[in-house]
Amino acid sequence: MADTMHAGDGQTRRDFIYLAGAAMGGVGAAAALWPFIHSMNPAADTLALASIEVDLAPIQPGQAIKAMWRGKPVFIRNRTQEEIDAARAVPTAELIDPQPDQARVKEGKDNWLVLVGVCTHLGCIPLGTSSGESKGDFGGWFCPCHGSHYDTSGRIRKGPAPLNLHVPEYAFLTDTRVKIG
Amino acid sequence: MAHAPQSNFENPVVNWIDQRLPIFTMMNKEYGSFPTPRNFNYFWNFGALAMFVLVTMIVSGIFLAMHYTNNTLYAFDSVERIMRDVNWGWMIRYIHANGASMFFIVVYIHIFRGIYYGSYKAPRELLWIFGVIILLLMMGTAFMGYVLPWGQMSFWGATVITNLFSAIPVVGESIVTLLWGGFSVDNPTLNRFFALHYLLPFVLLAVVVLHVAALHITGSNNPLGVEPKGPQDTLPFHPYYTTKDIFGLTVFLIFFASFVFFAPNLLGHPDNYIPADPLVTPAHIVPEWYFLPFYAILRSITFAISLPFTDVVLIPAKLGGVLAMFGSIAILFVLPWLDSSPVRSARFRPIFKWWVLLCLVPAFFMLGYAGGKPAEQPYVLIGQLGTVMYFAFFLLLPIIGRIEKPLPLPASIANPVLGGNAATAK
Amino acid sequence: MRRLRTLIAAGAMTIAGLTSTALAAGDVPLPPAQTWAHGGVNSFLSFFKGYDYASVQRGFQVYKEVCSACHSMHLLSYRNLHDIGFTEAEVKAIAAAQEINDGPNDQGEMFTRPGLPSDRFKNPFPNKQAAAAANGGKAPPDLSLIVKARAHHEDYIHALLTGYTDAPAGFELSPGANYNKYFPGHAIAMAQPLYDSGVTYTDGTAATIDQQAKDVTNFLAWAAEPKLEERRRVGLMVMLFLVFFAGIMYAAKRRLWSEVH
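Chains as they are written, first to last, in our numbering: chain R, 13 to 193; chain D, 2 to 427; chain S, 36 to 296.
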């Protein structure tokens, strides 16, 4: 009957089989779960757009463009010498998020500033890229949502944002072509 | 009602919860110590398998819905994006597409078992009726799901099946327009089918809960069809039937996986890999295999029914076909009252046993065969013969129950008077 | 148990029979069965088989030089070619050779640019209507899924491409139609696309009609079912696991129930 228990060897072998069955069931269920979860990660076509190439030739000094990268705008600014000088004149210690301008551009390409155009406060898009938009108190960008001011190096100078605008991973393929991501 | 129930679980957290909401006591009562007839054969695995497939369909469906685009312009390509770009998307989609077929295979066997062993008889009529409602919901859900990839068969299947409703006198055309949300199967139709395809499985799940609740009131039927008379006739559900169900599940999964991984398109139609085109009808429109028997019944009514000796048409052929098709499901609802025999299991019903095996089962396969063929001879005749056999099976049950002399029933499950093998599960 | 298994097997076979027999068509001969390295996209007993990538690559060349003049493959991107053995640089070059329409730019104008690996295969026609207008009123079908979208799959595509003959005496061909042994109704709008040495293979394979047809069919099979090898590989592991699991559960069930019987 059901309540009969076998002693000795039979007992342990039986326990082992139940344990093995339960373990395999658990492992199988966990393994089956992974494909479903992984399906929510970026798909191959999304990953194929993870890097973009941008032609810099049409951007005149003093001008900036926006490019779409991974669903977010990237600001690319061809800075004038005055703007570079302004950015470098500020003592680093005075900054909210201290970082020298040199660390935010590629060496020898000091005029090219490439930034992820998302305010580090709460994710709005700062103004200042297109001509006619407010560039804020420091000649860079101004976020209209909560009044964060960024300078000509994209560093936070005034307002609630805690960090400088992010510099994405990028590389110059040629003098006028840059690969972002 | 006011006092907290006594719970005696070792784990204090479990105990704490159980005293406030006795779900652990309930689970233990319904799935742990639940007294289950000891003589189930493997046909009794199919209820648990159906439950497993339903959960699989809901889970895979939710993940597919995260990637699917519900618009006629993008639906087809979004499904192909799932197949090509989404991580493991091909597997999830093949699981879902073949899972529908698995669901019907499992449920048809489950229904066959219910008929063969008389599980629909008192006191389990309501349990049976919930089951038929589940079947109807499954059919609706499967039909609308097949439309979503927006291939040629999706589109033309939807067109043909929704047009069935135009057979209804007077209001038919208005109903079809209402179903479509336009003047043909189009974007509004796809949108509502997606909404309903997502909703209905949860309705289905709710009916499954009722189905199982009703089962646990009456207890399970068994291959002998005699009620358990005491503890010697039953076993606790756990571990005996949990273990057996999991073993059955592994065997079923081998079957399921062989389709998903090695023949994922075997049960599908090549035309559904062609994007829907409202200007080109495929040479042969065939529904998915699990609808073929009912499709054959629909097509078998090729004649109008007139007032005798006059030309006054009472039921045109089109309406007749639709009535016959819906009637083939509707008749299942009244099966418990058509069968007049007090004996449940076909094992003790010499005529009924062969009536099932030689009339109902062949009728089902004949109809399935004819439904997949073009509407020409001899297939129409095979379909008509199958239709007659299908309905005859049910309509002659009252007579069979009266003329049949059942074999003597065993005294109890534990003491079968007939053949020692009747009570074992081997 | 045995009875149940027989029942299930019989049911599955019936179902398979039902779906396949539904496709038999009129007086068109069945396409002759060919041997495919991958066994066929719908082949069941090809657990260990995979694509012949040398042939798939040659098939891409045939598609590019012959078929792509009229047939789109809009579900494929140039980046997918990496999966059939082209290097990243080769994929980039193949993509860049195409002029892709893009836009609108800041001035609101559409423009063309060299293709990128992330671009879809370029469509030979701007839209379906243009494709139909340029091809006697019927747009050439997209080939992305053609192998899965036709009964008999690879065998049919190969048979169609090699099935051009003169119309038998008495067969009325409407103007613009061509006779093909394997096309339903025999009158096909597509003129014979493949000719001996119609392409020049870089790997030195002799470009007979049959060879080109096989190669392009292999390419189209891969395009229709790119995950075929992954599917079979995962399937084998799943099967192995399940068979072992089923064995353990059977032993567990037997042991448990031995106390009852």
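What the hints contain is simulated information worked out from the structure, not anything from laboratory work.
Please note that a few of the clues may not be correct.
[Claimed, not checked] No more than 20 Å apart at the CA atoms, straight line, and that leaves these computed lysine to aspartate or glutamate pairs for DMTMM-like:
id: 1; chain 1: S; residue 1: 163; chain 2: D; residue 2: 278
id: 2; chain 1: R; residue 1: 118; chain 2: R; residue 2: 65
id: 3; chain 1: R; residue 1: 191; chain 2: S; residue 2: 125
id: 4; chain 1: S; residue 1: 216; chain 2: S; residue 2: 238
id: 5; chain 1: R; residue 1: 118; chain 2: R; residue 2: 149
id: 6; chain 1: R; residue 1: 191; chain 2: S; residue 2: 154
id: 7; chain 1: R; residue 1: 84; chain 2: S; residue 2: 118
id: 8; chain 1: S; residue 1: 262; chain 2: D; residue 2: 278
id: 9; chain 1: R; residue 1: 170; chain 2: R; residue 2: 187
id: 10; chain 1: S; residue 1: 163; chain 2: D; residue 2: 187
id: 11; chain 1: S; residue 1: 99; chain 2: S; residue 2: 231
id: 12; chain 1: S; residue 1: 157; chain 2: R; residue 2: 57
id: 13; chain 1: S; residue 1: 127; chain 2: R; residue 2: 57
id: 14; chain 1: S; residue 1: 84; chain 2: S; residue 2: 207
id: 15; chain 1: R; residue 1: 78; chain 2: S; residue 2: 265
id: 16; chain 1: S; residue 1: 157; chain 2: D; residue 2: 78
id: 17; chain 1: S; residue 1: 127; chain 2: R; residue 2: 97
id: 18; chain 1: R; residue 1: 121; chain 2: R; residue 2: 187
id: 19; chain 1: R; residue 1: 191; chain 2: R; residue 2: 97
id: 20; chain 1: R; residue 1: 191; chain 2: S; residue 2: 137
id: 21; chain 1: R; residue 1: 78; chain 2: S; residue 2: 125
id: 22; chain 1: R; residue 1: 78; chain 2: S; residue 2: 141
id: 23; chain 1: S; residue 1: 163; chain 2: D; residue 2: 78
id: 24; chain 1: S; residue 1: 262; chain 2: R; residue 2: 57
id: 25; chain 1: D; residue 1: 319; chain 2: D; residue 2: 377
id: 26; chain 1: S; residue 1: 173; chain 2: D; residue 2: 278
id: 27; chain 1: S; residue 1: 127; chain 2: R; residue 2: 65
id: 28; chain 1: R; residue 1: 191; chain 2: S; residue 2: 123
Check each numbered hint against the structure and report the violated ones by number, ascending. Numbers 4, 5, 7, 8, 9, 14, 15, 17, 19 and 21 - these are the hints that the structure violates, sorted from lowest upward.
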